[in-house]
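S.K.: Here are the chains, one letter per residue:
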Amino acid sequence: MTHYRFHILCCGGTGCKASNSAGIVRKFEAVLKEKNINDVQVITTGCFGFCEKGPIVKILPDNTFYVQVKEEDVENIVNEHIIKGRKVERLLYTDPKANAHIADSKHMGFYKKQMRVALRNCGFINPEDIREYIARDGYAALGKVLDEMTPEQAIEEMKKSGLRGRGGAGFPTGKKWELARTLVPNAEQKYVICNADEGDPGAFMDRSILEGDPHSIIEAMAICGYCIGATKGLVYIRAEYPLAIRRLQIAIDQAREYGLLGKDILGKDFEFDIELRYGAGAFVCGEETALIHSMEGQRGEPTIKPPFPAVKGYNGMPSNVNNVETFANVPVIYLKGADWFSKIGTEKSKGTKVFALAGKINNVGLIEVPMGTTLREIIYEIGGGIKGGKKFKAVQTGGPSGGCLTEKHLDTPVDYESLAAAKSIMGSGGMIVMDEDNCMVSIAKFYLDFTVDESCGKCTPCRVGNKRMNEILDKIIKGNGTMEDLDTLKNLANVIKDTALCGLGQTAPNPVISTLDNFYDEYLAHVKDKKCPAGQCKDLLSYVINPEKCIGCTACARKCPVNAITGVVKQPQTIDQEKCIKCGTCIDTCKFGAISKQ
Amino acid sequence: MDMIKITIDGRVYEVENGITVLEAAKRNGIKIPTLCHMNLKPINFVNKPASCRVCVVEMEGGKGNLVPACATDVRDGMVIKTTSARVLNARKTIVELLLSDHPNDCLQCAKSGDCELQSLAATLGIREIPFKGIQSTYKKDSTLSVYRDVDKCIMCRRCESMCSNIQSVGALSAVHRGFPAVVAPAFEAALGESSCVNCGQCVQVCPVGALTLVDNIGDVVKALNDPTKTVVVQTAPAVRVALGEEFGMEPGTIVTGKMAAALRRLGFNYVFDTDWSADLTIMEEGTEFLGRVKKFLAGDKDVKLPLFTSCCPAWVTFYEKNFPDLLDYPSTAKSPQGMFGAVAKNYFANKIGVKREDMVVVSIMPCLAKKSEVARPELGNGKDQDVDFSLTTRELAHMIKQYNIDLKELPEEDFDSPLGQSTGAAVIFGATGGVMEAALRTAYEVYTGKTLPKIDFMEVRGFDGIKEAVIDVNGLPVKVAVCYGLANARKLMEEVRAGNPNGYHFIEVMACTGGCIGGAGQPYHHGNGDILVKRMEAIYREDAGKPIRKSHENPDIIAIYKEYYGEPNSHLAHEQLHTHYIDKSVKIEEVK
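One line per chain: the protein sequences are A and B, in this order.
Each residue of the first sequence is one higher than the last, beginning at 106 in the working numbering.
Each residue of the second sequence is one higher than the last, beginning at -14 in the working numbering.
Source of the hints: derived by calculation from the structure; they are not laboratory data.
Quick reminder that beta carbons are idealized off the backbone N, C-alpha and C, glycines included.
Check each hint, because a few of them may be wrong.
Stated by the list, open to error - Below, a list of computed lysine-lysine pairs in the BS3-like style, where the Cα atoms sit at most 27 Å apart: (1) A:LYS410 x B:LYS117; (2) A:LYS417 x B:LYS26; (3) A:LYS337 x A:LYS280.
As the list claims (entries may be wrong) - Calculated Cβ distances over 10 Å to all of chain B for the following chain A residues: (4) LYS217; (5) PRO306; (6) ARG382; (7) THR451; (8) SER560; (9) GLN611; (10) LYS643.
Build out the structure end to end from the sequences listed, making use of the hints.
M.R.: Structure, rendered in structure tokens:
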């Protein structure tokens, strides 16, 4: 076996790939070959999480973390780092506070507070090589479960761990498995279904896990199959995830080849295999009954529960549906034990949670923290604070079904109960940070636009109600809102939450309810004063030229696409508000800061 | 029976375990409003998408949300509130939401007065709609039977349930998602280009005016007012046991005589009866059946058995679209409507000295598919059609009201002669199993030359979806099956396609629930299946009260063979009273 002096890990996640990480890998290989260096291995890994700074190249064993690497930098890295042992300073991450380079990722603010359980292998192994997964104790958990535990004992262990569904609702996983095992004991066939229909805008943890560590999902599904008595597994994955699909399929093929899927797995009398089913990307198909109908070839819309999938699921057979991140936790729990897992997190929310950190924040990316970490720690320490030194305004958790939390919630520990108490939700882990420039009415509308678009249209409150709420928000943003509209909006939001058929409809009003609760003044400003305090709502803005500052250069007038700016040369200009389309070109053109939005 | 205690609105009730909150409330005098929910009791079919959310109630405990009464089972100790401020507000808001995406053109709507949304809005006292927003609009669409204005659709999906689950036609299903979601044929094709068979069961269950019938009253009024036309009317068996409902009479009231009187007052020149041609159908179809059986017994391997009945036009279209490989199994006999038209325009017009083109034949049918049937090219002479217009029971009721006639107060009158006299065998055509029973009454006696020991074939009556019987015809065991609902018919057709392992000789199929009594042209039952039961009882009451109960004993039928057709299945009879079928299978690539 070759002994490698260095391992060069290049991120092969979708984000870094889009910035030519594949080109970087090829270049590394070419340069190493050209220089006849044989004791360095280049590996394409899954996502490192720090997508803001991608493409990422990490060098082991010294753990040097290079950011925003380009193909042209490769030769330099090889010459300096690999040949001469000197770090390439200019490619290291710069800590914004200390304004100093940090070489080792362990010391970076972004990674310091993280604890990677579900993402343990992402950015570390080559996801297309089963041997690398096995080298990291892969499939040892399956072996342990098959060897040492009855299905009942394995379920008991899962219950003891306290793992709850990471798809959003937080249902205890062990309990779910127990129901799937016991409710219909003599079913002809049972199914393990992996919900990989990640639909929250901005959330990509499931994709990253599938791209970076697909075997962990296969192993977990097999364990689940053993526990509930299923021989068939299905992964419902959105067709828009081609890389995840490819890597998962490679992993399934390799697992079959190694006898880890199929008949007599690990020499035991246990059979399990997995097939992929592609989703067309409808958000509602993340709801388990809708997902099942979609897999059956029916219209992807939810049906009432009961019957629960544990009784009547795919093709009418008992089925257990877990989300990707939930499954990713499973092998570790069996390897390290339920006690180890349950020590992480808070009383009711055990383990870690992955969040997709985005918005007006310095360190955008995928993070994983122990449950109970506060929003403040996530935003200011891991996220590195608000971009451009602006003021924090709100953080939206839980995607379109979640709520907007404010300054006063910053010390809320992130777990299922605390977020719900603050009228938001954990959801699948979207976390979007907003600063003073964000209009909260527009934010509510942004999310509602999404749910209106993604509603299946089955039940009245969601189909018509969300549309009407959206129209009222639109009216308010355009400056035509009335105080009655605010009352109607509140009532509608509450009725929809109270009466919609499925989780999508019931949670769709959350962005509206939470902004009404926490930012009512902003609504009032739009409705009563016809002003948008954040200066975002075009219809409530006017562009004004300050005659004191304007020197009459007419540069703005020449750029204005609708000729709304007039005046005599070398005299202050004026904007015709009737003509102005509020495109902002004049502000960008003016070199004297004479034009402002009001 | 396992009984449990639940509390509804502060009162404790003992209710049967396993039923829904909606049902438990109903049995105790609390009528929780519904829209999407529908329970067709005689066939045990429940449409329960729980999607309209009008029936939401408050349940103590649980997840805290309101729950749909239609889809929540009772539990011991359950505490339910159906009228709390929270429930009332939610219910009203939901109906307001529905109305906010509804044309609200009640005064001009075909469903006005029969609309469940309209009546719910009235009950809830809705006076204004707080939401103003865009309206969903779709293109209007029509076949010769069904008119679709899905701007009015409230997505209750009852039509889809009937079309897919009961009929297995699958023409209607939800398309689009979110606000634009609506029920439509695949690819939003026109209904006429889809797998639709015009049975109209979607129309029968639509709670609003999204699916209605194609109204031909205007055409008939015009003909009645044309002095150059002789207007002849025929009335189907099932009409007489349902028409009264439109005038406030009890379901199951028989109004045959009053109906004849009303038709005369509307100005029809001859008031005849489709029952007469039903007797004629039995003569033709029964003879055809015996012919095939005899060939079969003589060892003819190519003879097509089982024979399928061909009275129901939705069924005919169904097999033309779905089983084009089995087109030579059904009887070639025209439907009674079709036979009547042929006799009226060929024989009767000549008899009374009226030119064919000066005669207008109108039929009163319980059916929407009959409106499409009258336009089949095979049911005309190439220039004009044997039946000009087909009205439904509901349209007739409308017309009677428009003509200021109070049906209840009318005297009982007889049909005109010679196409008016009929037997009990003909009237039972209106219920599932009736055609089979009528055919057996005649076939038995014609084949054996003996009098039937027992005239009532109870084994083919009733609401079972598929009924089977073996009839001993003088030592020959004849195996028959009777079904209604095209999903049931599909099962039988697939059996036949697979080689008829059950060895059926004769199969009767009706598309609608309970046969023609549940036809889409009948007064709306609004999901109340008890009405269908009463109509069926009335059909058999009418049969039992008839002096003659076998088609071959109808003196006017005997006379017309003697005078005109010679004998059943004669050359002339074939020319006028029989038809053929065409491959109408829908190919996906042809649907735009």
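S.K.: Indicate, hint by hint, whether the structure satisfies it.
M.R.: Evaluated hints:
1. A:LYS410 x B:LYS117: 33 Å, violated
2. A:LYS417 x B:LYS26: Judged against 27 Å, a Cα distance of about 25 Å means the pair holds.
3. A:LYS337 x A:LYS280: Given pair LYS337 of chain A, LYS280 of chain A holds - Cα atoms ~20 Å apart, limit 27 Å.
4. LYS217: Given a closest Cβ separation of 39 Å, the condition holds.
5. PRO306: 16 Å, holds
6. ARG382: Since the minimum Cβ distance to chain B is about 19 Å, ARG382 of chain A lies beyond 10 Å and the statement holds.
7. THR451: Nearest chain B Cβ is 22 Å from THR451 of chain A, so the label holds.
8. SER560: Violated, since 4 Å does not exceed 10 Å.
9. GLN611: With a cut-off of 10 Å, GLN611 of chain A comes too close to chain B, as the shortest Cβ separation is near 6 Å.
10. LYS643: Non-interface label stands for LYS643 of chain A: nearest chain B Cβ at 21 Å, farther than 10 Å.
Of the hints listed earlier, those the structure fails to meet are numbers 1, 8 and 9, in rising order.
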